[in-house]
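Protein chains in written order, with our numbering: chain A, 10 to 168; chain B, 95 to 147.
Just so you know, these hints were derived from the structure itself, not from any lab. Glycine included, every Cβ here is placed at the ideal spot set by N, Cα and C. Don't take every hint at face value.
What the hints assert, rightly or not - A short, non-exhaustive set of chain A residues, derived as facing chain B with CB atoms under 8 Å:
hint : residue
1    : Ala22
2    : Gly26
3    : Gly27
4    : Pro29
5    : Gly30
6    : Val32
7    : Asn38
8    : Leu41
9    : Leu77
10   : Phe98
11   : Phe115
12   : Tyr161
13   : Glu162
14   : Tyr164
What the hints assert, rightly or not - A short, non-exhaustive set of chain B residues, derived as facing chain A with CB atoms under 10 Å:
hint : residue
15   : Ala106
16   : Ala116
17   : Tyr119
18   : Arg131
19   : Ser145
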Amino acid sequence: MLATSGSDGSVDASPRGGTPGFVSVIGPNQVLLPDRSGNNRIDSFRNIVEGSGLLQLIFFVPGIDETLRVGGKGRLSSDPQLLASMIEFGKPPRAVLRVDVTEAYFHCGKALMRSKLWSAETRVERKVFPSISQVIHDQTALGEPESQEAVYERYKTQL
Amino acid sequence: MLVSGLTRRESAVTDLAASDLATIYPQPTARVIAKARPELDTHAQKFIEMSPF
Chain A
10 MLATSGSDGS VDASPRGGTP GFVSVIGPNQ VLLPDRSGNN RIDSFRNIVE
60 GSGLLQLIFF VPGIDETLRV GGKGRLSSDP QLLASMIEFG KPPRAVLRVD
110 VTEAYFHCGK ALMRSKLWSA ETRVERKVFP SISQVIHDQT ALGEPESQEA
160 VYERYKTQL
Chain B
95 MLVSGLTRRE SAVTDLAASD LATIYPQPTA RVIAKARPEL DTHAQKFIEM
145 SPF
């Protein structure tokens, strides 16, 4: 989870994910986060380049209730060699966020224990909530609503 | 029920000042403060290496 703030004081938080270790630890004060295909709003990255660059990350590991918060200052790179070194899902990232780490903090597990986030008993069937395509269609009347199955199949080609 | 509950909650919202927080929350322990580290130690590095999200 990546949180950033813009030059106007606005804030943004967005999910980031990949295979375990998709964020590379370069050293005790530096990590690299590849940016994969998304919605192209680039809210986070616009904040980083236009604002202070200060950001926070929270890392989750399925099965572990504690989380790790990492704070620091971000810079963006589109260096071809760097991008080529971070190919995942058959594609290089579009950009890489380099974070100069100034704080690392393990949160206790109470919030995730309360939520039972990793428990099978709290999982819901996907069908209890409309597909994101249906939600957007209901909100905007734009496009044609897709079933969850169609969304999932389309996503699989865009990872 | 949810809507009426929210209405009651919204009517009870006040704007707390920073000085008010100390009356609600005790000081964090020294251990909690000290666990904010200036760098990624071996535990933090391992956690990131295991993290998919």
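So, going through the hints one by one against the coordinates:
| no. | hint | result |
| --- | --- | --- |
| 1 | Ala22 | violated (13 Å) |
| 2 | Gly26 | holds (4 Å) |
| 3 | Gly27 | holds (6 Å) |
| 4 | Pro29 | holds (5 Å) |
| 5 | Gly30 | holds (5 Å) |
| 6 | Val32 | holds (5 Å) |
| 7 | Asn38 | holds (5 Å) |
| 8 | Leu41 | violated (11 Å) |
| 9 | Leu77 | holds (5 Å) |
| 10 | Phe98 | violated (13 Å) |
| 11 | Phe115 | holds (6 Å) |
| 12 | Tyr161 | violated (18 Å) |
| 13 | Glu162 | violated (21 Å) |
| 14 | Tyr164 | violated (16 Å) |
| 15 | Ala106 | violated (23 Å) |
| 16 | Ala116 | violated (21 Å) |
| 17 | Tyr119 | violated (15 Å) |
| 18 | Arg131 | holds (5 Å) |
| 19 | Ser145 | holds (4 Å) |
Of the numbered hints listed earlier, those contradicted by the structure are 1, 8, 10, 12, 13, 14, 15, 16 and 17.
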